[in-house]
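With the hints as extra help, turn the sequences into a complete structure.
2 protein chains.
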Amino acid sequence: MGNLLLSFRWKTADFVRAEDFVAQLAQSIDKMRSGNDWRIIGIGIGAPTANYYTGAIEYAPNMPWQGIIPLQRMTYEATGIPTKLTNDANAVAHGELVFGAGKDMKHFSVITLGTGLGSGIVVDGRVLYGQHGLAGEFGHTQVDPQGRQCNCGRRGCLETYVSIRGIELTYRELGGQEGLNPRDIYLQAQKGDYIAIETYKRTAQILGNKLADLVHLYDPEAIFLYGGVANAHPLIIPEAQAEMERQLLKAFRSKVKILPSALLDKKGAVLGAAALIWEDVK
Amino acid sequence: MGNLLLSFRWKTADFVRAEDFVAQLAQSIDKMRSGNDWRIIGIGIGAPTANYYTGAIEYAPNMPWQGIIPLQRMTYEATGIPTKLTNDANAVAHGELVFGAGKDMKHFSVITLGTGLGSGIVVDGRVLYGQHGLAGEFGHTQVDPQGRQCNCGRRGCLETYVSIRGIELTYRELGGQEGLNPRDIYLQAQKGDYIAIETYKRTAQILGNKLADLVHLYDPEAIFLYGGVANAHPLIIPEAQAEMERQLLKAFRSKVKILPSALLDKKGAVLGAAALIWEDVK
Chain E
1 MGNLLLSFRW KTADFVRAED FVAQLAQSID KMRSGNDWRI IGIGIGAPTA NYYTGAIEYA
61 PNMPWQGIIP LQRMTYEATG IPTKLTNDAN AVAHGELVFG AGKDMKHFSV ITLGTGLGSG
121 IVVDGRVLYG QHGLAGEFGH TQVDPQGRQC NCGRRGCLET YVSIRGIELT YRELGGQEGL
181 NPRDIYLQAQ KGDYIAIETY KRTAQILGNK LADLVHLYDP EAIFLYGGVA NAHPLIIPEA
241 QAEMERQLLK AFRSKVKILP SALLDKKGAV LGAAALIWED VK
Chain A
1 MGNLLLSFRW KTADFVRAED FVAQLAQSID KMRSGNDWRI IGIGIGAPTA NYYTGAIEYA
61 PNMPWQGIIP LQRMTYEATG IPTKLTNDAN AVAHGELVFG AGKDMKHFSV ITLGTGLGSG
121 IVVDGRVLYG QHGLAGEFGH TQVDPQGRQC NCGRRGCLET YVSIRGIELT YRELGGQEGL
181 NPRDIYLQAQ KGDYIAIETY KRTAQILGNK LADLVHLYDP EAIFLYGGVA NAHPLIIPEA
241 QAEMERQLLK AFRSKVKILP SALLDKKGAV LGAAALIWED VK
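One line per chain: the protein sequences are E and A, in this order.
For the first sequence, this note's numbering begins at 1 and goes up steadily by one.
For the second sequence, this note's numbering begins at 1 and goes up steadily by one.
Treat the hints as calculated values from the structure; they're not laboratory data.
Just so you know, nobody snuck in bad clues.
Identical chains blur together in the list; that is why a pair holds if it fits in one copy or across any two.
Simulated pairs of lysine-lysine, DSS-like, Cα-Cα distance not exceeding 30 Å: (1) K11 to K250; (2) K106 to K255; (3) K11 to K266.
Structure follows, in structure tokens:
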């Protein structure tokens with residue numbers, strides 16, 4: 001239970017239309033099935049701005065496919081296999097709940113740090129979907145009304161600062177060289193490079209300040225960081241925790257821990273999305 | 001069910017210590033009970049920064065009683081009557097859920113506009129308390145990191161702009177006369193006074209922008225405004241709704257209504273707090 005047996009990797013950006021991606025997926029599944037005696041009971045998909053209730057990706061600001069993409073139905077029709085779709089960050093939260101450090105928690109949040117910033121929120125032991133299946137868009141809460149322009153159209157969204165692109169931009173704004181990604185910048189920081197250290201410090205402070213808002217609203221037991229950027233957690237968590245504590249109402253202080261996800265190196269989004277299908281077969 | 005039979009009014013500020021308030025309450029209850037054949041089955045209390053799990057008011061920034069006040073236990077000991085305590089905004093949310101416009105909703109938020117700004121959040125048909133009983137402090141999420149100093153110690157909290165004091169300060173900053181309260185300013189606005197109109201417009205815009213954050217996180221069906229300031233809703237809601245729509249991710253637009261609370265003139269906090277006790281006697 002909860003083991004990853006096979007892994008493929010495609011870039012969505014390589015598929016102009018979602019139809020092409022689904023065709024590729026169906027073909028690969030057919031290949032996998034031929035000659036094997038095991039059965040695929042379901043497909044779980046985690047995708048940005050995905051709606052758990054409608055099974056569609058809805059206007060994802062960071063994807064090549066525009067508008068409303070009914071990926072759940074498209075996948076089911078192309079494969080004949082029962083399919084569930086959820087927001088990628090909700091998939092991680094579900095994984096953390098089923099396999100990870102959230103197994104014994106009732107209230108926690110997962111922040112995914114990648115191209116954008118997503119969040120999956122667990123309330124009373126269940127992933128929060130909200131009225132329209134869209135809850136948990138922490139990346140599009142506002143840090144600064146006059147801040148950086150976000151792909152979503154709004155100004156100063158958290159993900160314009162705390163994400164791959166946000167960290168790269170901060171590094172360049174502070175005078176760092178062009179073309180370095182967050183991992184390069186992290187390695188620079190470990191070598192003592194001042195601009196790289198300062199980049200992570202500012203990123204962590206912005207995150208920590210905004211996490212105080214998150215705590216004030218959801219009152220979780222813990223906040224888990226997941227995604228590529230979260231591998232730099234030794235440079236992010238202590239500073240973010242300190243800033244969060246400074247910004248919290250007194251009643252909340254010293255109560256909420258920021259931690260690296262227990263699934264950080266374990267493809268938590270894949271496991272969590274896959275586990276969605278168990279809810280129907282149990 | 002859900003009728004207000006008697007109403008008293010004291011100012012907490014008139015009681016230096018919480019003990020004095022509780023003594024006054026116990027005395028009044030004794031007087032009420034003597035000579036009557038009905039029975040008081042419980043006491044429900046709504047109070048700022050109150051913790052539903054511990055039964056205590058914890059470091060309320062806008063109250064005379066400092067530190068941790070175990071008001072639930074104090075009230076029970078003084079009266080012998082089972083007592084429950086919750087955040088005042090959670091009490092309104094509970095009232096809206098049991099008696100108000102939220103009866104048929106699963107996900108909604110109530111914003112209380114008074115001395116401060118509180119919020120009660122309903123998720124999957126239940127008031128959200130979170131891990132430590134403190135969830136829903138929307139008033140202490142940040143509008144502007146360099147903004148107004150809040151009583152809680154943080155800068156730029158929403159309640160420093162959208163509350164009685166916030167509106168009064170905005171009015172004075174715009175050149176309005178001293179000594180007017182939000183109701184006076186509302187009446188001025190209705191007479192066409194430019195500064196008063198602008199005061200409500202800016203207040204509504206700040207609220208609407210921040211409600212976009214709330215919607216991104218909780219994804220509710222509706223947001224209800226409650227409290228004294230909410231009586232000015234004709235000057236607040238259209239502008240707040242318009243600004244919220246501008247700030248929302250596309251997937252959320254035209255889905256979430258801002259409405260005056262159905263309990264606006266009906267002491268919703270009192271009814272909601274009282275109804276807490278039913279959960280134990282049902």
